[in-house]
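K.L.:
All chains, full assembly: derive it from the sequences and hints.
The sequence shown begins at -6 in our numbering and counts up by one.
Hints may be right or wrong, so weigh each one.
Straight-line distance between alpha carbons at most 27 Å, and here's what the computed BS3-like set of lysine-lysine pairs gives [unchecked claim]:
1) Lys315 - Lys28
2) Lys163 - Lys38
3) Lys38 - Lys28
4) Lys163 - Lys315
5) Lys276 - Lys131
6) Lys28 - Lys163
7) Lys315 - Lys38
For the record, the hints were derived by calculation from the structure and aren't laboratory data.
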Amino acid sequence: RWGSLLVSICMQCTLFGASVVFLLMSAQIVQELLKEVLPQVGYCKWFLLFAAAITPPMWLGSPKDFWIVGFGAVLATFVGCILIFCQTVIDGIHLTEPVPHNSHSINGFFYAFGTILFSYGGAATFPTIQNDMAHREKFPISAAIGFTIVLSLYMPVVLGGYFVFGDNIKDNILLSLHGGMISTGANILLATHLICAFFIVINPVSQHIEQIFNVPHKFCLKRVVVRTLMVVLMVAVGETIPQFGKILSLVGSSTITLTTFVLPPYFYMRLCDETSPNWPQRKIPLYIRVYMWELIGIGLVGGAVSTYSALQSIVSSETFTKPCYWPD
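P.N.:
Listed below in structure tokens is the structure:
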């Protein structure tokens, strides 16, 4: 019972945090695109406008009501990453100064640890994916293909950013690119991806909360109220911490670490050690068990230190970002 509750809390917090990150990044990208046309509309105002715009579509039932967003998110990501890499190469060709690469502190390493885990934190959904597969025994192949595709999209962008921008790179690499048609196209595609992904990611949270409050599985006033209040809560978080990188690192180092490093191997060992009469007996080799405990140890230590680093970056006077509602 406690395991189910812990996993549920971690998953809902992860998805909620990711949704806030997606909205903040979308607002930042649109501000960059329209800064010449609407210079008076700042980052925080764009965030509010996006929150208001996504509220009515959130009242729909589930992704099946807008299935095309999944396809749109994948296509926009694929083409957007190609454009980002192309613009990065162009910027690299025109470099006139050495690219700075300074040494970083151990605190910076653990801060990045959470960000990296956020990028590859989909492992918690693997059981659901495998359960829905027609041929479940082929799941390892499916997972390998999925991670290969993700890696093939991430690595060119990461390597390009490292060698071309170095320490000058911003949290959002799109803001580091020089302006032009390619950069503009990448911004539009990534904003499209983020909005599409937002509706997919936030939906399980909405349905979970509606289940708690016995909201009918149809369009009704209760659903409108619950999902609107969720948007209000997202606005409160985003306006309080208007830097998506800090939220991203905090989520990655805490809940995603638990659902990726700690809980899966622990639950697997518990299931294999079960001795109920009707339970199939499974034996884990010693070296596999040792490896799993190593994963749990890395997750607990790395996650704890990374969570501390992420919280420190939020509240520290040196890296503190003023909330949007903070008076000047």
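K.L.:
Please go over all the hints and tell whether each is borne out by the structure.
P.N.:
For each hint, the structure was consulted:
1. Lys315 - Lys28: Holds - the C-alpha atoms of Lys28 and Lys315 are around 21 Å apart, at most 27 Å.
2. Lys163 - Lys38: 21 Å, holds
3. Lys38 - Lys28: Holds: Lys38 and Lys28 sit about 13 Å apart, inside 27 Å.
4. Lys163 - Lys315: Satisfied, since the Cα-Cα distance of roughly 18 Å is no more than 27 Å.
5. Lys276 - Lys131: Distance of about 22 Å is within 27 Å: holds.
6. Lys28 - Lys163: OK: Lys28 and Lys163 at ~18 Å, within 27 Å.
7. Lys315 - Lys38: 14 Å, holds
In this structure, every one of the numbered hints holds.
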